[in-house]
Amino acid sequence: MKSISRTLLTLIAVGLIVTVSLAGIATYLSAARSLRDQLDEHLVERAETFAELVVQERGHVQFDFDGDLDEDTIGALLDVVDVTGDFVARSPAWPETMGTRPVLVGSSTRLSSVTVDGEPARMVTMTHEASIDPDEPQVWAAPPAMVQTRVIVRTASVDETIASVGQSLLLGGVIAVVGSLLCVWFGVRRGLTPLSRVRDGLASVDAQRIEPIEWSPEPPIELRPITAAVNDVLRRLKHAMERERRFTDAAAHELRTPIAELRSLTDVASKWPDGERQRAAIAEAQSIAKEMEAIVECLLDAARGQTNEESVEPVALGLVVEKELSRASARAEARGLSLGMSCVNGASWTAPLAAVERIVRNLVDNSIEYTCPGGSIEVDITEQRGRTTMRIQNGPVSLSPEDAASAFEPFWRSDKSRESRSHVGMGLTIVDTLARSIGVEREVEVTPEQAFRVTLMQSRH
Amino acid sequence: MRILIVEDSQRLRDSLSDGLRSAGYAVDAVGDGRQGLIYARATDYDLIILDMMLPVMDGLTVLNEYRSAHGQSPVLILSARDRVEHRVEGLRGGADDYLVKPFDFDELLARVEALCRRAKGREANTIEIRGVTLDLASQTIRYEDEELVLAPREFSMLRYLMINAGRTISRMELEEHVYDSNRQVWSNAVDSSIAAIRRVLREARAPNLIRTRRGMGYQIDTEQLKESAPR
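Going down the list, the protein sequences come from chains V and C. Under numbering that gives the first Met the number 0, the first residue of the first sequence is numbered 0, with each subsequent residue one higher. Under numbering that gives the first Met the number 0, the first residue of the second sequence is numbered 0, with each subsequent residue one higher.
Derived from the structure by calculation, the hints contain no laboratory data. A virtual CB, placed ideally from N, CA and C, is assigned to each residue, including glycine. A hint or two may mislead.
[As the list claims (entries may be wrong)] Only some residues are given here: those of chain V computed to face chain C with a beta carbon under 10 Å:
| id | residue |
| --- | --- |
| 1 | T247 |
| 2 | E253 |
| 3 | R255 |
| 4 | T265 |
| 5 | D266 |
| 6 | K270 |
| 7 | W271 |
| 8 | D273 |
[As the list claims (entries may be wrong)] Derived contacts from chain V toward chain C, CB cut-off under 8 Å, selection only:
| id | residue |
| --- | --- |
| 9 | D248 |
| 10 | A251 |
| 11 | H252 |
| 12 | T256 |
| 13 | I258 |
| 14 | A259 |
| 15 | R262 |
| 16 | S263 |
| 17 | L264 |
| 18 | V267 |
| 19 | E283 |
| 20 | E440 |
Given only the sequences and the hints, what does the whole structure look like? Please build it.
Below, the structure written as structure tokens:
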């Protein structure tokens, strides 16, 4: 069943009906039994009263009662017989079908259900001794005679009472079930209202502008983990979309600016044709084309990740760093930067050589570009607890500690205007992508001493 | 008409300056926001072309500070940021127009003309004074269907005088709106240009529109001045 409210209502309804029915049946049975027990007790008491009226005088058993024994007078049917089967007393309407000869051995009281004139009735059969008057002369003294006293009471009124109790219970049960179901239905609806609010809240999320939902009023405790999880997802989505937007903005700027330059150059050159102007425009257009090619290459490098599983091998980091520092030494010298490195023997990463070379080259180039003249670039390669770490630190730099969080973002440059065209701000993005693809963890920080530090760590598999 | 370009891309700055100068405008161009603000405050430009992503001070801040200081020149934003919210942000920030890079130079020129025209409170594209017609769209001046060929500087000067017809324009104002800051303006440069314009008008048998107001400057004779509808 797909509807929570329907499921809850069905389960609760079935539970209620079963519970109320069982309770009703139990109550009915208990009441019926109690009424019948009371009837039986009353019947036995009456039988005992009648039995006390059976007396033995002068050797004869008599029923010491002067009135009529009809049912209307004594409220029951009575039959008293002696040991020979002769009746001592009998109601006129006593049914003949009950006239079996008694077996009078010992005292006993027995209850049974019988039918009188087609109506249900209860009968008590009491076997007892006849009472002997203590003043009876000795000449008549004889052992007490055994007699059987039977009393029948019609049970129609009791059965009607029991039926009435049953009907009342049934009616009460139905009302209780219906009332309870209405309460449950209302309760379930109220209980599920917060789910509707969650649904409305989710429906209100604008795909163009994702924001965590302000839940008002606050959802119930049971739903809070869900709403918190939803907001967490929305926050991450918002972060991802902002990142995407920043990337799009940056890409738009990086690509549109050279296109705008190209169009403006060619438009002006063709609108006011002039030999010198056209020659300059062509030269500039070629230069712009090269820059755009570099941007596209950087984007493709970042997208591809440039890893090839088949070419994975242990790469000696010291050799790669040495080679790249040597390649960059002339540029570093021109800017007055000092280069230094330290490396433990045999330190290596397991990765494609080309990927490691590209990572180191980008980091070194980035350091040379952004370190203030007269600064230093230091590369340290260490091994500890199964991890090979390469740390490249350059400084001083014109960066704030907050800039570290953005350093791996595409097109990010400390120069917000991206005035410099020699770099497009993709170097560290490519480092990030490549490092991720070869299982290298990355950390970036700007130290209080204005040093930019990138730490790359690979664990030995 | 004097235009300030605030654009960080050297190439774009150069080609825009080149194109606008060729179209007869005096152009000053700077590469960062702070310099742009200093230039904008120092000179009464007829138009400012402003990039958004600028070094030192971004374009929106430049615009806000310029407007806060009661800068009145129309501002055309030229930006690679093309989203609606960026345009709204720029226009609400005080810009008069927004053009997304890359752009067609002719479209830029048309917008520049429209903004300059609107800034002078005119609707028409042409101004006719005593048979001499200035067409701002085609950047030409005619007298009775004959095009008057003027050097770019003289054209700019006559255009400025015709746009401000009836008002006496001082030599200093003419220098400010016709020459850009990189040009050395000789003391008699304005007088020489006026003389050259008068000569061209005379050769075309056109009336001498420019009246010299001694000690005050120059003025276009407003008699018979009328504006025609846009073409």
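Looking back at the hints listed earlier, which ones does the structure fail to meet? Checked against the structure, the only hint that fails is number 20, while the rest are satisfied.
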